[in-house]
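I would like the entire structure built from these sequences, with the hints used as guidance.
As a plain string of letters, each chain reads:
4 protein chains.
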Amino acid sequence: METRRAGRPRDDERESDILRAVADLLGEVGYDALTFEAVARRAGASKATLYRRWKTKREMVIAAIKAGPARADGPVDIDTGSLRGDLLALCERLVQTMMAADGSMSLLLLQAGLEDPELCEEIERTAGPTGARLPASVLDAAIRRGELPSGTDPFPFEEVVGATILLRRLNGLAVDDRYLRALVDSVIVPALRVTASQPKDLPAGIFSGHPAHRVDEETT
Amino acid sequence: METRRAGRPRDDERESDILRAVADLLGEVGYDALTFEAVARRAGASKATLYRRWKTKREMVIAAIKAGPARADGPVDIDTGSLRGDLLALCERLVQTMMAADGSMSLLLLQAGLEDPELCEEIERTAGPTGARLPASVLDAAIRRGELPSGTDPFPFEEVVGATILLRRLNGLAVDDRYLRALVDSVIVPALRVTASQPKDLPAGIFSGHPAHRVDEETT
Amino acid sequence: METRRAGRPRDDERESDILRAVADLLGEVGYDALTFEAVARRAGASKATLYRRWKTKREMVIAAIKAGPARADGPVDIDTGSLRGDLLALCERLVQTMMAADGSMSLLLLQAGLEDPELCEEIERTAGPTGARLPASVLDAAIRRGELPSGTDPFPFEEVVGATILLRRLNGLAVDDRYLRALVDSVIVPALRVTASQPKDLPAGIFSGHPAHRVDEETT
Amino acid sequence: METRRAGRPRDDERESDILRAVADLLGEVGYDALTFEAVARRAGASKATLYRRWKTKREMVIAAIKAGPARADGPVDIDTGSLRGDLLALCERLVQTMMAADGSMSLLLLQAGLEDPELCEEIERTAGPTGARLPASVLDAAIRRGELPSGTDPFPFEEVVGATILLRRLNGLAVDDRYLRALVDSVIVPALRVTASQPKDLPAGIFSGHPAHRVDEETT
DNA sequence: CATTAACCGAGACGGTACGTCTAGTCTTCAG
DNA sequence: CTGAAGACTAGACGTACCGTCTCGGTTAATG
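Residue numbers (this note's numbering), protein chains in the order written: chain A, -3 to 216; chain B, -3 to 216; chain C, -3 to 216; chain D, -3 to 216.
One thing to keep in mind: the hints can contain errors.
No copy labels: a pair is met if it fits in one copy or bridges any two.
Claimed, not checked - Taking lysine to aspartate or glutamate and the EDC-like style, the derived pairs with C-alpha atoms no more than 20 Å apart in a straight line are:
no.	residue 1	residue 2
1	K53	D13
2	K62	E9
3	K53	D28
4	K43	E33
5	K51	D28
6	K51	D136
7	K51	E143
8	K51	D8
9	K43	E154
10	K53	E11
It is worth saying that the hints were derived from the structure and are not from the lab.
Bear in mind the structure is a predicted one, so any value in this text is a computation, not a measurement.
Encoded structure:
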């Protein structure tokens, strides 16, 4: 029955005040220039209060992102009538997702994935479908249309699309329709068609998600 | 005839001493923990001497990388007798290249590419074949063996391999043989085989290099 | 009832440690060569801790002087049996007081007096009789002996002696017996004898002290 | 006959340009904030050129003062008809002289006297009568009027007036008519009247001048 | 008349202090 | 125990000057 630890309980309102301050500052000065000091000032909180909750800046920022208001706009389904169209639509959605925050933000999430793979799920949950995953509905539709063999593994999409697009963005290179078409036509589609039998337990990447979960879906 | 500007000229030896110190410290403490202060101490130089040359840490580090000793170990040719083997060997070499420096180092290069695309060429030149490009020799051999149609474009390899491997590394995920085999077998090889006619003048990414140049070589 | 202001209070021990370091360094390198940096090093303190307390070097040094250990050696009374002897003894004591610190130290005190006239009293209190004031006992004895008329004002002594001796010291000129005798015989004694009725509320100089106060004592 | 050393001779114009810059900066930022760096910038000279001429800031500044344009306004004679009036007029002139430069300037001259007593003469020469010396004309007139015995020594005036006024100024204390009257009436005049026979070879102070010279005058 | 030594400006150099900032930790008092 | 407040050590930040030096170039007297 876990007796509540003695003493004054943490003030949840303080926490959300602080996280709001973190989020604001993130937008104003970026990740690198964000300091505990400034957060404390802005939130009218003490540094001790911050450190009590999060050991590092990264942790704190991630918490702020997690606490961000859940995306209101529902997960619009993708269904253009062709695999190629669906894939391009997904790519475009992913580009939009990345555009939402600035470059260092993407980078942050990227680095965050490093130690907190759960965050991927978290983002997917709060931010809605990012376009980084290949939804079963799209896959199923393609199989139904005969564009892909049944049992097609989404790995080529999920592993490749997020990585290439993020890097291009970080390099300040254009990620336009022409590029996306080249990527989809010359890499993703051919690769998906092959249905190579790859190991089913590869560790998940930030974009490739959690195969274990998907494997379940596939086998269903 | 370019009149030397007045005043005592900068001491090139000091500069190389400093850059050596930068490189050493980079290896020891990483990019984030690298400070002007420590570089000055290590190089026995004055901070003013550093700031006179580079305004920011990034600039200085990039200079250090550019100045890095041209890789002595010659560009060992890759020829395993099969396309798959060659591709895996290239991937492994790329992993080694990235391992050479720490994670934030890769990140730095990545960000550096952002504003200094020439740096890509620079690194390729000084660091020797990194494994990020698909050499014409490998391509030709595969075509000769009938594994690939003539006219195959290296885009699928160059655009995908570097990006995915770097991201996995940044995410602290294993980049082992199993992963590389999955990548090569289910993405790279199928994509190369298709020889889709894609635009030849896509902007180059940090890993995809400058297709225009290579296309010339291939057609030669 | 003055509620203690929030937050961790300043550590008085740190303060005294620091001031001790200041005093030591003053003695070792002098005022001009004294730096915040060195004080911090010596005291094992952070520069922030220093700057939190004092905005300038002068402020800090003055604090160190004020905090100096009260002079143990009691205020030895002066009584040579003659006015001339007493005055010469006072002058010699003053010379000793000035010798205690180096030249720039005297200069410092001098400048300090500029904005902090209370410091004069402070020094008189902590350093014991400096010889800069003409004690009532000496005056009374001279009057009793008939060497001076009753009601003699100490102004000629206090205003002149300190100023002339300090300046000679600052000019690196000898302040020896011969000089002191000349000063006492040809300036101080003749002037004291006149008992001119001068305004009683002249602003006090660093050496002339606060006549108003002493006048009260005398008339008591 | 000392043959001029070989090589290009120093450019006197550069020297005067520099000293003018020194003088200007002295007036603008004061002695403490004056830097070689700034002088070089202002004069369009090289630091080496400065250091070649003067080893220290003090030396340089003193040179600048010595080089200052000789005071144009001639040495107005003092003759108010009474000793007291003459002395007060001299005091006021001295106060004016000190006012001319700022406090640290006076201080500088003071310290300069420390090692370069000739500078006193220099100042007296270039700046005209400062009021620090008791002119023979004033003394003679007083003797003629019977206010002073013949053979009166100016020591009480010269030793005391400059020192007390300078110190009061440095202490930020008013040096007004009331003070000057008190000083003259209760110290200077009584002391001058006594004509004590003091040693004739006292070392000169910055204000007391060179007794040797005056002794000559007196004995004449 | 050529040499040459000292001059000149510019500015790089190793040092060092400046005054400010942030990181983390710790201490006090109030709830 | 939690909270705010804020002191504490540690040390990097970027700037400024210090006094020395090294350049390319100039200027006069010497040889």
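Consistency of the hints with the structure:
Taking the shortest Cα distances, K53 and D13 sit within 20 Å of each other inside one copy (16 Å), while across copies they are farther apart (34 Å). Only within a single protomer do K62 and E9 lie at most 20 Å apart by alpha-carbon distance; the minimum there is 16 Å, versus 45 Å between protomers. In the homo-oligomer, the alpha carbons of K53 and D28 lie at most 20 Å apart both inside one protomer (9 Å) and across protomers (13 Å), since each shortest distance falls under that limit. In this homomeric assembly, K43 and E33 come within 20 Å of each other (Cα to Cα) both inside a single copy, at 7 Å, and across copies, at 17 Å.
Proximity of K51 to D28 under the C-alpha cut-off of 20 Å is found in both arrangements, the shortest distances being 16 Å within a copy and 17 Å between copies. In this assembly of identical chains, the alpha carbons of K51 and D136 never lie at most 20 Å apart, being 44 Å within a copy and 54 Å across copies at closest. Taking the closest pair of Cα atoms, K51 and E143 never come within 20 Å of each other, the shortest separation being 50 Å inside a single copy and 53 Å across copies. In this assembly of identical chains, the alpha carbons of K51 and D8 lie at most 20 Å apart only when taken from the same copy (18 Å versus 31 Å across copies).
In the homo-oligomer, the alpha carbons of K43 and E154 never lie at most 20 Å apart, since the shortest distance is 40 Å inside one protomer and 47 Å across protomers. Taking CA atoms no more than 20 Å apart as the test, K53 paired with E11 passes inside one copy only; the shortest distance there is 15 Å, against 33 Å between copies.
Taken one by one, the earlier hints fail for this structure at numbers 6, 7 and 9, listed in ascending order.
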